[in-house]
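Peer 1: Between the sequences and the hints, there should be enough to build the whole structure, so can you do that?
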Amino acid sequence: QPMLLESVSAMLPRVLVCLCVCWSIGAAQQRLDLYEDDICNETQLGLWTCKQTRDCPTAIQALRNGRRPQQCHFAGSQPVVCCEPSQRPPDTGAKSKQMCEKYGESVYINVPDFLGNGITKLDTCAVVEPLITNGKKSEPREYPHMALIGYGNKNAIVWLCGGSLISERYILSAAHCTQSSKRGVAKWARLGDFNFKSTMDDSAGLAQSKEYEIIERINHPQYRSPSLYNDIALYKLGKTVQFNEYIRPICLQTEHQFPNTYAIATGWGRTEWGGRGSDILQKANLTITPRIQCSELYRVAIGEKLSNGIRDASQMCAGDIENGKDTCQGDSGGPLQIRMKKPYCMYSQIGITSFGAKCGGNKPGVYTRVSNYVPWIESIVWP
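Under mature numbering (1 follows the signal peptide of the UniProt record, and there is no 0), the letters of the sequence shown match residues -28 to -1, 1 to 355, in that order.
These are calculated hints, taken from the structure and not from any lab test. Quantities reported herein were computed from a predicted structural model and do not represent experimental measurements. There's no promise every hint is true.
The calculated lysine-lysine pairs, modelled on DSS-like cross-linking and capped at a C-alpha distance of 30 Å, are [unchecked claim]:
1. K67 <-> K93
2. K211 <-> K74
3. K67 <-> K313
4. K335 <-> K109
5. K109 <-> K182
6. K314 <-> K69
7. K314 <-> K211
8. K182 <-> K67
9. K169 <-> K208
Peer 2: Listed below in structure tokens is the structure:
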């Protein structure tokens, strides 16, 4: 009997291949002409995405039951199908939302009242209204989640990437920032910074940036350099971060859809594609670019980095092509964010700067879509 089970197990992949080939020949007329990770349907269960048949349990089960999933395209000889999501846990993203509420309380700090008889809450929010940025300097405390990622020895740190603080111990960044070809692995994180060359960042002389050692670098398991799909990483800090008016986490976007047609890129311009950098933290309003338009703009230049074009489920594009604003206003690995109505004075990170074309060019930047990776992030940061 064990021998029989082994034989059946060995035959199963060939049976699935046969089913897929027979099905794909008959279903060519139903092809959606979409690529891997493109969104192909949306139901109450969630978003359906195009996946290779072997990576889609619901498609495999459908084939076993004699049903043919809708075909998106081919990846080489492998059919790519519109994959129905498995039943998602009802609390997906619940932990991120809970921590967002908790971290939002850090906007207020306790100070003695004027009479010295008790404690009062001081509002430290420094978000500038209206949110019109266009490549302008930010203000101290306006983006307290911003992080710089450093490489090399402690006495000669080189800051090459950005990131965002998302908890007391973790920074969210891009997987391509985990290791520099010339400087080695990411070793350091600087928080609470505003003026890159000054330790006292505001008029009161109170802001002091703090540096932390990165003790663990966790790339997404499906990231494969030089490809920029799944370009997301978590960096664990050696010490617990104490929040204050200059250092506070950002919230995570848990839903694929969001109401804004624009988002804000922030950073010092520490990019790998020619950004000169700025001493002062910069901010820029960027317009969300439709996937089809973005894929077309990058059609020639994509190559091995994005072999299947922009994947809507896991990537997004944003830029201001007319005014020459793109990811040069941000950092590699830095956040793309939107302002939240609730909690008060908090941002939601919708993207991670992955790559862009020449600074000031006619192409938007490409960002890793955070909402697609919330379950993976939660499993590590808040297990």
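Peer 1: A separate judgement is required for each hint: does it hold in the structure or not?
Peer 2: Hint by hint, here is what the structure shows:
no.: 1; hint: K67 <-> K93; in the structure: holds, 26 Å
no.: 2; hint: K211 <-> K74; in the structure: holds, 20 Å
no.: 3; hint: K67 <-> K313; in the structure: holds, 19 Å
no.: 4; hint: K335 <-> K109; in the structure: holds, 23 Å
no.: 5; hint: K109 <-> K182; in the structure: holds, 21 Å
no.: 6; hint: K314 <-> K69; in the structure: holds, 11 Å
no.: 7; hint: K314 <-> K211; in the structure: holds, 29 Å
no.: 8; hint: K182 <-> K67; in the structure: holds, 27 Å
no.: 9; hint: K169 <-> K208; in the structure: holds, 25 Å
This entry satisfies every hint, going by the numbered hints stated previously.
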